[in-house]
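Between the sequences and the hints, there should be enough to build the whole structure, so can you do that?
There are 2 protein chains.
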Amino acid sequence: MILLLGAGGYVGQAFAAALRERGWEYRPCSRAEGDYTRFDVLLDLLRKVRPEFVISAAGFTGKPNVDACESARAETLLGNTLFPSTLAQACHAAAVPWGHVSSGCVYSGAKIVDAAGTRIETDLTRADVRRLIESNPGVVRGFTEEDEPNFSFRRPPCSFYSGTKALAEENVRPLGGGYLWRLRIPFDEVDHPKNYLTKLLTYPRLYDNFNSLSHRGDFARACLDLWRLRAPFGVYNITNPGYVGTRQVADLIQRVLAPDRKFEFWTNDEEFYRVAAKTPRSNCILDCSRLRAAGVQLRGVEEALEASLNSWSQS
Amino acid sequence: MILLLGAGGYVGQAFAAALRERGWEYRPCSRAEGDYTRFDVLLDLLRKVRPEFVISAAGFTGKPNVDACESARAETLLGNTLFPSTLAQACHAAAVPWGHVSSGCVYSGAKIVDAAGTRIETDLTRADVRRLIESNPGVVRGFTEEDEPNFSFRRPPCSFYSGTKALAEENVRPLGGGYLWRLRIPFDEVDHPKNYLTKLLTYPRLYDNFNSLSHRGDFARACLDLWRLRAPFGVYNITNPGYVGTRQVADLIQRVLAPDRKFEFWTNDEEFYRVAAKTPRSNCILDCSRLRAAGVQLRGVEEALEASLNSWSQS
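First to last, the sequence lines map onto chains L and B.
Under this note's numbering, think of the first position of the first sequence as 1, with each following residue one higher.
Under this note's numbering, think of the first position of the second sequence as 1, with each following residue one higher.
In case anyone wonders, no lab produced these hints; they're calculated from the structure.
Note that CB positions come from ideal geometry on N, CA and C, so glycine has one too.
Hints should not be assumed to be uniformly reliable.
Computed Cβ-Cβ distance ranges for the label pairs, DEER-style [what the hints assert, rightly or not]: (1) R130/L x A276/B: 42 to 48 Å; (2) A258/B x P280/L: 50 to 56 Å; (3) R228/B x G23/L: 54 to 60 Å; (4) A95/L x E121/B: 49 to 55 Å; (5) T118/L x A276/B: 43 to 49 Å; (6) Q248/L x D44/B: 49 to 55 Å; (7) P193/B x N136/L: 49 to 55 Å; (8) A277/L x A32/B: 40 to 46 Å; (9) T202/L x V275/B: 43 to 49 Å; (10) T118/L x R261/B: 56 to 62 Å; (11) Y273/L x A95/B: 47 to 53 Å; (12) A95/B x R130/L: 55 to 61 Å; (13) Q248/L x G234/B: 54 to 60 Å; (14) P64/L x A276/B: 35 to 41 Å.
Once the Cα atoms are required to be at most 25 Å apart in a straight line, the calculated SDA-like pairs of lysine to any residue come out as [stated by the list, open to error]: (15) K194/B x L206/B; (16) K48/B x P174/L; (17) K48/L x P97/B; (18) K278/B x A68/L; (19) K63/L x R154/B; (20) K199/L x F272/L; (21) K278/L x P157/B; (22) K278/B x T202/B; (23) K63/B x R154/L; (24) K48/L x V96/B; (25) K48/B x G177/L.
What follows is the structure, encoded as structure tokens:
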């Protein structure tokens, strides 16, 4: 039996659906039933229930967006740094393997490689990335799990949210015994305030950038596949291969959904950060070849986006 | 046997001295011998060594002062929030009681009580506290362990350091099984960069305020006494009873040590924070009646200061 923590959240619901789809026995847990963020409560639960595996989709993301984490520091740290540590430690004490939803937003930008594929630059501005993608896309690469986060408390500036996520990975990784599954900007066919497509449809103006993205259902199924395949524990970038620009996604929405609006964009970063955002945003390209090498292949990001829009359903 | 973590630090050394003084068997541990901040390493150590009690004097304070913690966020969180959590959790799993050095700097100011001793105000400015101490000292009280921190991530503004200390207490307290010993501005007779008296002697200008203080040796002995007496686990303010103003301590230094300098003070908060400090400082008065009620009586702060200066020794 699999224990599912944070079953009621946006990502937790996708895990529940994927588990049901496969007919895997699981027990959902939400904070309301018992405070599993307490070590003693969680350890007792693990010893009583004896799950074969624990999935944690719990965390604190900030409402309506990541800016809210700047002032809610205690909640952000409790949810994103202390909780994963407690989870990994309780699971270690109970000898139960685990997987926790981490985030790809510990990076900013992309990296450039030379002909041999060696990393030569990671500190790229948004303009650098755009210029390279337009002029010489072959040298642009996503960050792998071996790349140190470059958008973290150790590499400021970063958002408080990203800092807490990167620190959790740093603290939990050496203990081992589980997976850190990096999600990156979730989307799917269901209208929801946390769905990237809903956000684009509702924001008055859009911020133009390049990103790797994770289809929510594909993400949950890939996580289950890693466990099913008994892939080595550790960190995995779990995004649909490739990356997209915001303008490209807006065009796709326009074409498929034909919404009764035109998409407008912020003129530049200066305007975006002055008017609409308080804290720096992570926009980044991730490499998911480790996931593929483990035997899990996701459809490309453009295909996943198009499929989501084609079966778009309003909640 | 007692396991002493962080034995090499400023406070750890005082614990080592107090343990030797009493002839209590102990095993000192420093990070160099093994990374006890890792849950698995610490749990193995506890299971192998089987100490009757663990003392943790480990933490991250910032050099030369608390401003350094503003930029060293990862280290500050790892040392002051994640580590105490790991300690309490490993000790819980190994069923070993523990004591950890926390800090009184989770408060700012003092509180005012009415005739019945009921709290009526805690959000006092530095000027409020001074005015009250001069006009009506009977209504000024220190914060007890039951008072919520008012200088923390939940009650900003605070220093990043204080935020991490308060969050650690919040996270660890419900788990129980050990002591959180609140130290507040350590001093003693030995010249040292972390000694409050050394700081006053070396700072070009002083910041005038009221504080409760902890004599380093008195603090360590009081902590050992709580364990010896098997006092109930939980949070304890461990300061020498009373409080002092910076001018009063400077006068005492002038009188006893007669240093070849005059003490100058910042004109006001505005000047201090503009020129000398980056992050807000906790200056506060603590109530230590819980410690006394547990059977541990420390000498008053003025007596401890005078004794330290009378036997002042330069390192």
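Distance restraint hint 55 to 61 Å, applied to the beta-carbon atoms of A95/B and R130/L: holds, 58 Å
T202/L paired with V275/B, Cβ distance criterion 43 to 49 Å: Given about 47 Å between the Cβ atoms, the range holds.
N136/L and P193/B - C-beta distance against the hinted 49 to 55 Å: Roughly 53 Å apart at Cβ, these two residues keep to the hinted range, so it holds.
Consistency of beta-carbon spacing, A32/B to A277/L, with hint 40 to 46 Å: For A277/L and A32/B the Cβ distance comes to about 43 Å; the hint holds.
Beta-carbon spacing of Q248/L to D44/B - inside the hinted bounds 49 to 55 Å or not: holds, 52 Å
Distance restraint evaluation - Y273/L, A95/B, Cβ atoms, bounds 47 to 53 Å: holds, 51 Å
Distance restraint between K48/B and P174/L, which requires alpha-carbon spacing of 25 Å or less: Holds, because 21 Å separates the two Cα atoms, which is no more than 25 Å.
Status of the given 54 to 60 Å range, CB of G234/B versus CB of Q248/L: holds, 57 Å
Restraint check for K48/L with V96/B, where alpha carbons must lie at most 25 Å apart: Measuring from Cα to Cα gives roughly 22 Å; hence the hint holds.
Cβ distance range 50 to 56 Å for A258/B and P280/L, holds or violated: Distance hint for A258/B, P280/L holds at roughly 53 Å.
Hint check for G23/L and R228/B - Cβ pair distance inside 54 to 60 Å: Holds, at about 58 Å.
Distance restraint between K63/L and R154/B, which requires alpha-carbon spacing of 25 Å or less: Within the cut-off at roughly 17 Å; holds.
Against the hints set out earlier in the document, no violation occurs for any number.
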